[in-house]
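**Q** Given chain A, work out where chains B and C should sit, using these hints.
Residue numbers (this note's numbering), protein chains in the order written: chain A, 1 to 433; chain B, 1 to 433; chain C, 1 to 433.
Derived by calculation from the structure, the hints in this document are not laboratory data.
Given that identical chains are not distinguished, each listed pair holds provided it fits within a single copy or across any two copies.
Straight line, CA to CA, 27 Å or less: simulated BS3-like cross-link-like pairs of lysine-lysine: (1) K357 / K29; (2) K132 / K175; (3) K110 / K132; (4) K131 / K175; (5) K29 / K110.
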Amino acid sequence: MTRRRHDRSFVRTFFTSPTAVEGEDDSAKMLRRAAELRGMQAPDVWVPDNEDATAPSMRDQGAQNIVDVVAENGADFPGEIHPRMVWHRDDPTTRYQGFQHMLDIADPQKGAIEHIDGFVIPEVGGIDDWKKADEFFTIVEAEHGLEPGSLAMSVIIESGQAELAMRNLRDEMGKPENTLERLFLLVDGEVDYTKDMRALTPTGELPEWPELRHNTSRGASAAGCIAVDGPYDDIRDVEGYHERMRDNQAKGMLGIWSLTPGQVVEANQSPLPPKTGSWLLDTGDTEVELDSRDGVWTYDGTDVSLVETGNTYELAVDGSTQTLDDDELHETLLEMTAYVPSMDDVVDSMEEFEAAKAAGRGAIAMERSATLRIDEVEVAIATDRMWDEATYQAAMTPIALFQDVYENRPDQHEALVEMYGEDVVERAMAVGT
Amino acid sequence: MTRRRHDRSFVRTFFTSPTAVEGEDDSAKMLRRAAELRGMQAPDVWVPDNEDATAPSMRDQGAQNIVDVVAENGADFPGEIHPRMVWHRDDPTTRYQGFQHMLDIADPQKGAIEHIDGFVIPEVGGIDDWKKADEFFTIVEAEHGLEPGSLAMSVIIESGQAELAMRNLRDEMGKPENTLERLFLLVDGEVDYTKDMRALTPTGELPEWPELRHNTSRGASAAGCIAVDGPYDDIRDVEGYHERMRDNQAKGMLGIWSLTPGQVVEANQSPLPPKTGSWLLDTGDTEVELDSRDGVWTYDGTDVSLVETGNTYELAVDGSTQTLDDDELHETLLEMTAYVPSMDDVVDSMEEFEAAKAAGRGAIAMERSATLRIDEVEVAIATDRMWDEATYQAAMTPIALFQDVYENRPDQHEALVEMYGEDVVERAMAVGT
Amino acid sequence: MTRRRHDRSFVRTFFTSPTAVEGEDDSAKMLRRAAELRGMQAPDVWVPDNEDATAPSMRDQGAQNIVDVVAENGADFPGEIHPRMVWHRDDPTTRYQGFQHMLDIADPQKGAIEHIDGFVIPEVGGIDDWKKADEFFTIVEAEHGLEPGSLAMSVIIESGQAELAMRNLRDEMGKPENTLERLFLLVDGEVDYTKDMRALTPTGELPEWPELRHNTSRGASAAGCIAVDGPYDDIRDVEGYHERMRDNQAKGMLGIWSLTPGQVVEANQSPLPPKTGSWLLDTGDTEVELDSRDGVWTYDGTDVSLVETGNTYELAVDGSTQTLDDDELHETLLEMTAYVPSMDDVVDSMEEFEAAKAAGRGAIAMERSATLRIDEVEVAIATDRMWDEATYQAAMTPIALFQDVYENRPDQHEALVEMYGEDVVERAMAVGT
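Bound conformation, chain A alone:
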């Protein structure tokens, strides 16, 4: 059986901070600032980054800063703390430097390790390279009297080799010579992956790498780990960041790297169901969210038009017109619309199914209805969806995520209650248990 062995079953956000910045009075300034983040601005996993975000010449100082800042502020930080060390599959000197930094940071005398949940190892190669890193974790734990396996290991997947290694995790975990059960996050690193794959695009933009993200998500599913996507560089492009997250979520990759507290807020909220439900209308080219006015879902665009002519309707979509009777119009609009349920809706449906199950019924119809308005014509639509155990289990994912967040992030309770209301939060915590 594949178990998730760590405190968190879901990780929405992976936020990196440079560990030492040259030329500042306090080289640890960025670390100190990040350590103060709370609530929606604070990530599920905070990564003091002693690798790419920090200049090579500053990395010994960076390791020292991690110790200082985490010893001082780690107890109060609301998320987990997983510093990133240096590592490279092709360079033993870099690997040894990473080991030395871990050994240093993990010294209990220094007061940081009790607040550190694990380390992030970048640039791993084949599975035997992962084992080399695991062995250093084991030695660090033994040297410092920490519980074996207590330090989580997360890796950055940024080579074809590492992508291939993920398929072997299930077979390798549990062998007596390793402690790969400590694996926690599988994080894609598309910049270096693109380099390793020698990929080119005309504008220098990163390829989307859908297969990599699928394979990482699958690897996480098969090995009880958690999949996280790499950084989204265009910090100002909030809509683009959301699109990427939606695409990831449909792959089962619910976490993403965040480069700024603003991105952390977006990424902490993105996989949670919305506060209010909404209807979408497929206009041929695209899907638009309808506008709710006095309970009527209104389409204001020009790609779809609807005219009532006696007993029939003329429905025009993207230039082509159909003449439809009442039933056909209803059927066609059902095909063209989709409902995005709110947290309240999801909880409602789950409660309803749980009650039906308790009463001995295995499947029930969930009704959903709405009044649509297109060009002043109002049409009531209603649809049934059969829910069985499988539907219920699949609907559980956002609720399980919510519950994991609520249990592990008391600092976000206020924001969650503000978003959903106390009643919905309470009911969401009660379903499925």
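**A** Okay, now just chains B and C, sitting in the frame of chain A:
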């Protein structure tokens, strides 16, 4: 060499029926009804479903119903019969229950097993979990004096682990400790796969999982199995079902789950070449099928327009206009059109190539010509396509499928002759042999 | 560490020629003609094709022709020479024939092998089938006193089995019983792959197989090989060939099969940065290249319109209009545009970053600015992009490719200097070293 070891080389349809429905006079009513299906409404593989389609409390009754209905009606059922048992990679109690049901159903005294071709095992995990199921098949065969390996095993791929397991089938089959050669269908189960991968979509719609479907098709190709896609829930959306099947077929996944006899009809026909050929025109946004009027392929839409002006033509596509001479127009229209060959066309081409090969020629040009009409302007187009051995072999797939259907499904002969005509059917059975 | 062990680190072009054509005075005519190709028309890898391009009855003659033509012209051919032998995972007779041809061609007495860099093996199956081929290479080398491992082995991936085998290369290379380190090119063969996967499309067109191409590129990355895409049949469709190459390049697959010297020219140029940079505008539906007039990048289409109205602007994109102030317009246009850097631009940026690094700075902002004109309104835009070591390394790919070409293909120097100018070529050869 990878051989397909079962009677059927192709499976178009996988149709599930609940084995026991509560509250009916006859809990086996659905089974009995399905057992009567014939012709295009009858699936290649019928799956009395003692798992998700049947309430947990009814599954012992369901196993009994399978025995009763198959003993009575199995001899006359035109497709293969593969009941689905309960199983779960994470639950030994469920696995043991599945084993007991198999042992029960396979008892030759009960008269059902002689009509049963195998069993379907859902919710498998890593390859060692597949071996546990295989071991139960082996014991069932031994206990009941059935030929070793005679019961086919099909699995539902509904976890990341199972997706990964498929890559190992070639290495594991043939080891003396297992009989994995009994593997028959690899069936995707996207609902539970989505749950296992913890994927989310705003509307709760299933993700498309293109990589899973590719990997299942590849796994089937590499291990001599047959790939089948999961259920398409929106039963009324016939066009959507066809689109999904076309997408699957381009991946080499020629079979699909069917939830109703109506879906069975669609899915039995979908991978077969059409009765009549047709020309497609690429209008920029989409591809439309042209309308054949007195042998002239006519475009009636507004996205493409064509005007003759003395010696040149003005061709407008999706708003942008080109001025073209005769040759340029011909070339451009060739690029914009594609021909969907009929069964008759495919057989013609294969016969032509076979004759050329017999005469010592390795490659020949197949001509295709048509008269198009756009806005009253008629243009004759003609194109050559080189056929060599590889083209011929690739064109063989739909014919091989047709031949497999014709040989194994006498109950569909009438429908096939009605669709194609006796002459085409006879010639299709003769090519490539 | 994964090393590339061959002379070429990049291969852009894989050009096949029939080895023996029946009915010609000189059956080696096509080979002789190909052997004369020089400059941009000459491929990086030339493949006298004794398999599918040559009729089965002509293959013994073909092997003889390879010896004759390569002995005579091989010394002067500017690319590498890798003849394709016959092979099939399912047919020992074919494999033995391929072995005999290799043994024959490699005889040093015949004067060809000193100009031959390796052989291409088609239709391979699982990894053990690859080892059978490798063993024949080993015997050929031993029999003829050639250096062990000196003959490169390239394979055509044209079965699901072979696609799966690529994941094991890292684990298998270096085992004492094989010499798989000789692996050079992993070449997709989509026609036979489609047959092996039993895939269907309505028009008979080949599926795009994005997952196969990803997996081949990843396999090459993980094993130090080079990924090459299969043939693009529609020789007249130059734009389609370019689109396919751009798609491949975004997957890290920088090489492609070429069927004609014309395709070789296109494919040799495609992965190299363009001579001049250009701005792209996203018009909603598509991306168009802007027209540079007196240094102003001008949009002439109708999908985007811009009107200045006092202090604000009306920007209409694909039918929907926004009112924007100066800053918002600038921001929106930045989102809508992208720059395709020229070779000169890439070299500039790399030099700038190298200088900054030498001066102790780890990250610098690269500025890019332009004046756009839409509907007579001119707008200046400017953007910064942060470059760090990872950006620099990723930008290195096209330069490394250029350097590999320049070092290995003196016959293309003239064309490269003509394309880029002497100064840019010199600077491109100097960066990153």
